[in-house]
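On the provided structure of chain X, position chain Y as indicated by the hints.
Chains as they are written, first to last, in full-length UniProt numbering: chain X, 1 to 540; chain Y, 1 to 895.
Simulated from the structure, these hints should not be mistaken for lab results. Heads up, the beta-carbon is just placed ideally off N, CA and C, and yes, glycines get one too. It is possible that part of the hints are untrue.
To be verified - Sample of chain Y residues with no beta-carbon within 12 Å of chain X, all distances over it, derived:
#	residue
1	ASP156
2	GLY329
3	GLY396
4	PRO579
As the list claims (entries may be wrong) - Capping the alpha-carbon separation at 25 Å, the derived lysine to any residue pairs in SDA-like fashion look like this:
#	chain 1	residue 1	chain 2	residue 2
5	X	LYS409	Y	HIS179
6	X	LYS413	Y	GLY463
7	X	LYS33	Y	HIS179
8	Y	LYS857	Y	LEU822
9	X	LYS413	Y	GLN401
10	X	LYS518	Y	GLY43
11	X	LYS413	Y	ALA387
12	X	LYS409	Y	GLN401
13	X	LYS223	Y	HIS179
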Amino acid sequence: MPLPLKRLTGSLARGAAVLFGLATMPGAALAEKSLVYCTEGNPQSFNAQFSTSGTTVNAVTPLFNNLVEMAADGQITGSGLAESYTISADGLIYDFHLRRNVNFHSNDLFTPSRPLNADDVLFTFERQWHADHPYHNVGPATYDYFRDMGLPTLLKSVEKLDDHTVRITLDHPEAPFLADLAMPFLSIQSAEYANFLLKSGRQTSFDEMPIGTGPFRLVSYQKDVAIRYKAFDGYWRGRQPLDNLIYSITPNIAVRLNKLRSGECHVMIFPNPAELGNIEKDPNLVLERQDGRNVAYMALNTQKPPLDDVRVRRAITLAIDKRTLVDAVYQNGGMPAKNPIPPGMWSYNDSIEDHPFDPAEARRLLVEAGHAEGFTLDLWYPPVTRPYLPNGKRAAEMIRENLERVGIKLTLKTESWGNYRRQVTQGEQDMVLYGWTGDNGDPDNFLYFLLNCGAVRPGGANIARWCNPDFEEQITKAKVTSDVSRRTAHYRTAQQIFHQEVPWFPIANSIIVVAHRKEVKNYTNNIFNQDFSGVDIEAR
Amino acid sequence: MRIRSRIAVVGGVPVMVAAVIAVAGGLLLARSERVYESAVLAGSVYRDVLAATAARIDYLQVAPADRASRADRFESMSDSAAAELRQLDKAGSANTHRAEVERATAVLARYVDQMRSFIQVTAANDSAVADMGLHASTLMALTDRARERQHAANVDSLGSLTEADQRLRDSRDVVDSAHELREAMLDLQRAEAQHVAALGFGVGLFGSGRPLTLADFHIAIDRLIGTADRLQSALDRTDPLVDRYPAKQSAARYAATVDGLQAAVTQLRAAQAERDAALSRFEAAVQAAAGLGGDDAERPAISSPLGERMLAEQAIRTLPVVRALVLTGTLNRQPDVTFLSSMLPSLRAPLDGLYRVQARAAAAQQALEAAQRAGAEAASAIEALTARILMVKATGYTAIQDEVVQLIAYAIQANDTEQETQNVAVVALRLGRRAADAVAVRDAEEADRIVADAGALLETVRGLPMSPLLQDEVLSAIRNWRDSLRRTAEGLRRLNQLLITMDRDAGALVETARQLDETFRDEAARIGELLTRILVIGATIGLLLGGGAAAVVARSISRPVLRLQKQMTRLAEDPLAGPIDGTRRQDEFGAMARAAAFFIREIGLREQAARQAKDRADRALEDLRRTQADLIQAEKMASLGGLVAGVAHEINTPLGNALMGATHLEDRLAILARQAGGSNLRRSDFAEFQETADEIARLLVLNLQQACELVQSFKQVAADQTSGEERLFLLKPYLEDLATSLSPSWRRAGHSLRVDCSETIEIDGFPGVLAQILTNLVMNSITHAYREGQRGQLLIAAAAQGADMVTLVYSDDGRGIAPADLGRVFDPFFTTRRGAGSTGLGLHIVYNLVVNRLGGKIAVDSLPDRGVRFTIRFPRRFATDNMTLVAAVPSPQEQ
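Pulled out of the complex, with its shape left as it was, chain X reads as follows (with noise of 0.2 Å):
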């Protein structure tokens, strides 16, 4: 029986190929390329429609497209999914025509059966936008973003001409418009997604496993730990370099740094500012400075006495000794703010002389209005790094050094950085140190979203509960413009009212730093978009 000799010893000699396949094998997967990303907290969510944070942003940018795109210096460019756009000379009507053959993920629930259309961008809007949508309620149903930036008095009507046309109709020519669909609550999610959900009734699956057009699709979630990332095969653009992306949640800058350190991650983000010039020094990190377009502030509650009393938000402000505190709290990677909006942003008032450091005029101040013994107030500060302050507990250590010295007492209170966002939004707190990070380079995004009367309610972004009508006149002026010389002229009028009324105490305009390791390539510190599309990594 020579036959079966034969085909055993060919079955043995496969076997030796599938040993020998497997010894071979873990190189291969070494050859996998993983970038390890150490962010600084949980997102709270993966729908970027209930967000604001940055956290929430950065986790939820590699899985998500928008109409339009926001380069790295903050212009709006036609490379997102609407190949093209046009604007009615009433700046009214826009039409956008979409890319076709752009895939969505799958997951283990869903495997889309058509590439993008029109629907997914109508149902992207009025999941938000109309109360009796389907999905309006699922979810925390809060859309403050969507609110906040006026959208729903802004838009009349969001239309599908044909399946890769779409038309929104706005109710007045509103400027910064464009900008907004750039940012991630408007990033397109699937429709195809959201009915089949629906028919299965798990339509809470559609924020936690999230299904997108990005570079890189979810593969897993786990609190405190990690979100790891796989690059999508079908992604419009092209594959990605790497093949797996994983957000290691590392809430302490220290043990930040230490895991850049030894290899464990190779991005990090917020270093801490004491440690940059460290940092510079080590051959195998490099770091990325950018300007972080943003401000850090406290925001005093106008609504509530005594900080209702211009006098008393002024000698607070007289009280601090902000240079101080921006050198201490922020070393070099920030500078002293005295506008709502960052030095770089167009309409940046410069000739606005801040409040100076002088306790005694505080203090004059003080018993002027009549709280000569003092009072005490509740400072809330960001447990976490953010941004635009990197260590915040200090920061409001440091005002509490400050005003104590003029009468006024501060009780420092924190939250968990999910609680914190959402507290901080309610309008009770005394004064809140918070920050903001433009996501369109829009002024609009600083002074109206922040800023603006509507702004002014429980979970809305108007912290310090402030609405002026002359203010709130000239943003609203400025918005309905696309004059960009009237509308400097609108903002820096608004500028002048907001250093005389004092609705916040900035603090400062900081620079973003990002630290990596030498063999991450192609990075860039884009701080609108950071969808680590196009990085790779040298194997070492």
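Relative to the frame of chain X, chain Y by itself:
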């Protein structure tokens, strides 16, 4: 009845019976043989199946690497069983058992098929197990890596902690220095205050009440400057924003104000003293003017008019007010108080002085106040500075402490993780061991349980806060391991099933084979019994019948035969002595008697003729013997003739050459002589002659030498056969000596000669003969066997063969002898190298020596390029009778 008929009757009966028995027996035997063969086949099948099953069991138990041989064994065993079954099927005897055989064949085929699947499954399983090993070792390597990485991270943590600690220390240094500066500043401020206060109360008290001196201030200022320096250097060392904290300047500024203050105080003191003096002077003047002065010294001045005196008295009353105003520095603001005094000319000058000093005192007072203000400002600058430093550093301190706490927490967590990782490795190892055990005993359920446990381990690892990259790799290693195990478990289950069915089939096969074997054996035995019975019964019947008939017939035959015998015996002595009876009988006896009578007469006649013929033959034989001897002699002569002819031919060539050379030399000599005689012998001619002569001489020597050698050899062949003497000697040392004596020849040519002989062989004969034989053989090899430069290996091996004979083998590894020439090598003058000077007598001599002198035999065999081997067999003890043995050898060759 004729004898023939009678004998036919007598013989026929048993023959018939025997024939019947033989036919029956033959048939039965043939059948029995077939049945028996079948039984043997069935037995073989039984054994083969058992052996195949044993191989299969072995297959499972040996290490994977050894399995192939077991599989081969199984294949060969099952093959042979299948072949035997086929044979059994073909064997006609199995007709009745064909069904069983066919079933057995089918079962065997299934069995073999199952075994093949079994082998495949086992191979798959083995590879899965090998995979598991691989994944397990990957896992171990990974956990090692995790530990190393953790260690590196710990080292880094420690570095961060150390650095944080340093920053804490630095902060504390700065904070301490700031506190000291503030304290020094406060001390100085207090001293200043006292110093200034002392202006009012007379003396400054410094703590214990000791009046303050300039030195005290110097010490305090030095301390201030010193602490400021320390603070500044601490900031320089630790704070990049040191420019924002001008501690030194502040301290210097404050020190300067303190100096200024002291100067102001001194000036004020001087002004006050002057003021006091002026006041006293004024008061004295007023009193003098009023004439109230008690002092004699003032008296001469009192010569003023009464009006003035009265005025002065009035003025005296204002004196306390004036004093108070002067001391408070407000005299000039109340001109009416001094109005009276100003009326008095004598008082005018002191009053003016009073105004002057008061103004000076006021200025000094203002200067002091300014100095105090400057001091306060400088002090508050220091205060603000230290407050700022303290605020920054205190909050920084807290921040670093927070960081340290977090780092320590991380380090603890990291260590926990490391521990957990270690545990994972331990659990994995344990699982691996369990898996190995389960696989060894083929416990698929246990394997399933281990797969489940591996799932739990996966969950554990997934929950570990370890490096995500490593975690991924660890997870995939465990997952792969588990998958391999799962595959193994499936394989085991399949193996177990196969084993059960195979065991069943093997059992059935063995049982069938055993039954067949038994059945066939029984049948064969039955046939045998039948045969025996037939033989016994038939033989008995045949015996009885034959016996009876024989007894009757024998009697009727024996009598006439006896009679004839007696007569024949009588006539044997003389055949012609008388007639034979019963020649007239008509039966066979009559014919016999007649024949006997004729025979006897004939014998008598022929005996006479024979005697005459014998005599003739004897004579002819004698002639024949003589002829034979003649023939032998003639043959010998012919051989000698051939020999001589050969010798003549061989010698002729060199001698001819020598002659030719000599003749040529003669000619040349004659020419030379002529040249010499004619005195025209040139030097060159002579040189040429000399050269030629040299060459001819060499030629002569060479050829004559060759002729001599030929003659020598011939002598050896022909005449030297009796050389040497007969003695008793040990073969081995003799051979070794011989080899040594030959060594110049073989060693020069680069060959080796080895003697291989047992120690105990003793020869009683002619050692010289052996020496000649071997010398010739060795020379033969050296001359013929090897190419130039080739190194040969020659061997003389000798061994006793029985008690009396010795075998001596000589061999080389040279080019050998062409098969066509092999038959002729012992012929005289046979050579392939006559041109090279061989005579072709060497082997002939050897042959003659072996055959004639040793009384032995020689044989040659050879393969081209493999060498040649001469085998010589000869008796240990030489005896002349051996020659007869040798003489019978028909040819020089033995193949």
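Comparing the hints with the structure gives:
1. ASP156: violated, 5 Å
2. GLY329: Y:GLY329 is indeed farther than 12 Å from all Cβ atoms of chain X, at 31 Å.
3. GLY396: violated, 6 Å
4. PRO579: holds, 88 Å
5. X:LYS409 <-> Y:HIS179: Since the Cα atoms of X:LYS409 and Y:HIS179 sit roughly 23 Å apart, the hinted pair holds (cutoff 25 Å).
6. X:LYS413 <-> Y:GLY463: Answer violated: X:LYS413 to Y:GLY463 is near 32 Å, above 25 Å.
7. X:LYS33 <-> Y:HIS179: Answer violated: X:LYS33 to Y:HIS179 is near 55 Å, above 25 Å.
8. Y:LYS857 <-> Y:LEU822: Within the cut-off at roughly 16 Å; holds.
9. X:LYS413 <-> Y:GLN401: Status holds; Cα separation ~19 Å.
10. X:LYS518 <-> Y:GLY43: violated, 79 Å
11. X:LYS413 <-> Y:ALA387: holds, 24 Å
12. X:LYS409 <-> Y:GLN401: holds, 24 Å
13. X:LYS223 <-> Y:HIS179: violated, 46 Å
The structure does not agree with the numbered hints 1, 3, 6, 7, 10, 13 stated previously, though it agrees with the rest.
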